[in-house]
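Q: Now for the letters of each chain:
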Amino acid sequence: MSTSSEKLESLVNRRYEHGFVTDIETDTMPPGLNKDVIRAISARKKEPEFMLKWRLRAYRYWLTMQEPTWSHVRYTPVDYDSISYYAAPKSDKDGPKSLDEVDPKLLETYEKLGIPLHERARLAGVAVDAVFDSVSVATTFKEKLSEAGVIFCPFSEAVRDHPELIRKYLGSVVPQRDNFFAALNSAVFSDGSFVYIPKGVRCPMELSTYFRINAANTGQFERTLIIADEGSYVSYLEGCTAPMRDENQLHAAVVELIALKDAQIKYSTVQNWYPGDENGKGGIYNFVTKRGDCRGANSKISWTQVETGSAITWKYPSCILRGDNSVGEFYSVAVVNNYQQADTGTKMIHIGRNTRSTIVSKGISAGHAQNTYRGLVRVMPQATGARNHTQCDSLLIGKDCGAHTFPYMEIRNPSAKIEHEATTSKISADQLFYCRQRGISEEDAVNMIVNGFCKEVFKELPMEFAVEAQALLNVSLEGAVG
Amino acid sequence: MLEIKNLKVRIGDVEILRGVNLTVNAGEVHAIMGPNGSGKSTLALVIAGHDGYEVTAGTVTYQGRNLLDLEPEERAREGIFLGFQYPVEIPGVNNAYLLKAALNARRRHQGLDEIDAFEFLKLAKEKMALLGMDPKFLNRGVNEGFSGGEKKRNEILQLAILEPKLAILDETDSGLDIDALRSVAEGINSLRSPDRAIILVTHYQRMLDYIEPDQVHVLSEGRIVRSGDKSLALQLEEKGYDWLREAATA
Chain A
1 MSTSSEKLES LVNRRYEHGF VTDIETDTMP PGLNKDVIRA ISARKKEPEF
51 MLKWRLRAYR YWLTMQEPTW SHVRYTPVDY DSISYYAAPK SDKDGPKSLD
101 EVDPKLLETY EKLGIPLHER ARLAGVAVDA VFDSVSVATT FKEKLSEAGV
151 IFCPFSEAVR DHPELIRKYL GSVVPQRDNF FAALNSAVFS DGSFVYIPKG
201 VRCPMELSTY FRINAANTGQ FERTLIIADE GSYVSYLEGC TAPMRDENQL
251 HAAVVELIAL KDAQIKYSTV QNWYPGDENG KGGIYNFVTK RGDCRGANSK
301 ISWTQVETGS AITWKYPSCI LRGDNSVGEF YSVAVVNNYQ QADTGTKMIH
351 IGRNTRSTIV SKGISAGHAQ NTYRGLVRVM PQATGARNHT QCDSLLIGKD
401 CGAHTFPYME IRNPSAKIEH EATTSKISAD QLFYCRQRGI SEEDAVNMIV
451 NGFCKEVFKE LPMEFAVEAQ ALLNVSLEGA VG
Chain B
1001 MLEIKNLKVR IGDVEILRGV NLTVNAGEVH AIMGPNGSGK STLALVIAGH
1051 DGYEVTAGTV TYQGRNLLDL EPEERAREGI FLGFQYPVEI PGVNNAYLLK
1101 AALNARRRHQ GLDEIDAFEF LKLAKEKMAL LGMDPKFLNR GVNEGFSGGE
1151 KKRNEILQLA ILEPKLAILD ETDSGLDIDA LRSVAEGINS LRSPDRAIIL
1201 VTHYQRMLDY IEPDQVHVLS EGRIVRSGDK SLALQLEEKG YDWLREAATA
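For the record, the sequence lines run as chains A and B.
Everything in the first sequence is counted per this note's numbering, starting at 1 for the first residue and increasing by one.
Everything in the second sequence is counted per this note's numbering, starting at 1001 for the first residue and increasing by one.
Treat each hint with caution, since some may be false.
[Stated by the list, open to error] Ranges of calculated distance between the beta carbons of each label pair, as one might list FRET restraints: (1) 1129/B with 382/A: 56 to 64 Å; (2) 389/A with 1086/B: 31 to 39 Å; (3) 161/A with 1144/B: 24 to 32 Å; (4) 66/A with 1071/B: 51 to 59 Å; (5) 1086/B with 200/A: 19 to 27 Å; (6) 1066/B with 400/A: 32 to 40 Å; (7) 1006/B with 281/A: 47 to 55 Å.
Read the hints as simulated data drawn from the structure, not as lab findings.
Cβ atoms here follow ideal geometry from the backbone N, Cα and C, with glycine treated the same way.
Build the full structure now, drawing on both the sequences and the hints.
A: Okay, here's the thing in structure tokens:
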């Protein structure tokens, strides 16, 4: 039996597939952060004055803030003066007008990542925005979407073309001084995606953004803002990869979702940033603030995430359930292997009456990795009839990894119904032997068991993504059993 | 088909099998009986390739090959099936999915085309009807929340679908009520064939009322102390095991 658990441990060591670097000339700002750098970013983006002022205010807040230390992760401190805050492919300085203007090397990169912008997107009916380092390089299907009145464009374009929406909504869910990383992002964010779904419109296709960090010593600070106006619906997918580099790279994004009355937003993420090598060298620091605001009655926001990458993940996609009868959901699979660390979970803030939230978190740990679920359920005094169900399961592979659960509950209304279930299990030698006795190899058996463990979350993903997520999980755990 | 010679097996310092000899030919049904702790389950698990046991002496030959060299999944693909005494639960893994994966692993090994989901469902439903099983079992997690009897029936379903050459059924009769026992036994009988061998590990004679064995062996303290025809099982039912132990040590 001991040998089969050793085997279990050694199955996890497949290589990171997206670790190539694209050799492309970039326009990169010198490292370091000060007001001039922020002015330069704003100028390069040809931003209106209000945006620059907003950034500078965020920068002033940031200078007064401390990096948080409460999370269950350890890392060498980030030297914020050694990071470059802006990198853009040189040839696209002014941004491509159409796919034909996009550098073919970039398109090749996305091809390698399995995201051919034209062909596959068209077949799949997915509109794709691709962010390469700091700029958005291509948005497909723009015309078809605009017929429906949907705005889906790079964030920098939205700042220029739809300033009224930006002024109204930017920072209304994640304020500039919300936390250290959100303040940093607000000061230096370079690009990202902007989505507006007008009243009563059901977005005719899945919207999707792929983020890639390519340049060395560069931070990526994208900003995503999605507004679903009354009675509208949108499903949005986000994917992320990065090359393999020995240094740690910083990714500090902010995502804000706003659902007005009767609107629904479904936000799905497959995060596969470079996790570092098997000794824990290199990898992305993923410090991300994601929050959705169910601002109107009967609105719904649903987060689904599959987290396999990053050296460190610090991320709590949350819902503010402000509107009466609004619904928040969080479905998460977080896989850590080798020396990865994840501290992830959600916050459900019940403010409106009869608000409901569901949390399903599946943590898988292998190698020497540490996986933490941290979740807050808060029911405010006025939130009569609030309900929450939390289910938090951990699966351990091998004996050197850890799983930790920190559920916080603050209930200030006696009518609230709150349920919390938690389990921790191991893939047992008996389960593996049973599968092997039926002719299934050990590796396939582990994949089968892990996928079974995550099923409740995978079924929330859009079809195309679910397949990708499953494949990714198998890769991430290769060699975990040995 | 299977030839075991002087097999000695231990866990840690404890010797569990102390020189087992057994020959099983195609078409035969053998029953292995014996008191608790005599090594019956160990023998079954060692044939299947469980790595918790250390083989210290002896040989196991299966279809002319040294079985002890093969990994458990290779043995399975070569046609060895173990019906577990305590089938393990695998939550979240669909029963049909596991079965289809198992069948296709075997088929690939035999150089056959993989069977698709539609053909598989048809086959599974056919077999389930034979065993009197509810088709909704297919969509549940593997043994997840199954009663003891349901788990045993599920093992027989797997047996029926995988159609192994050598089936070892470890106390498949325990925990079954009389109706379940009858339908499980019918399932096993329907699989008797001239090119398949079956080894039944059991405590009780009652299973053998339904499945008539060609040979009965009594395992006691790690050795086969008596072999005979089906009348041996009846004798055991009447006298218990003690007279054999006494005879063996005398």
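Q: Check the structure against each numbered hint from earlier and tell me which ones fail, lowest number first.
A: 3 and 5
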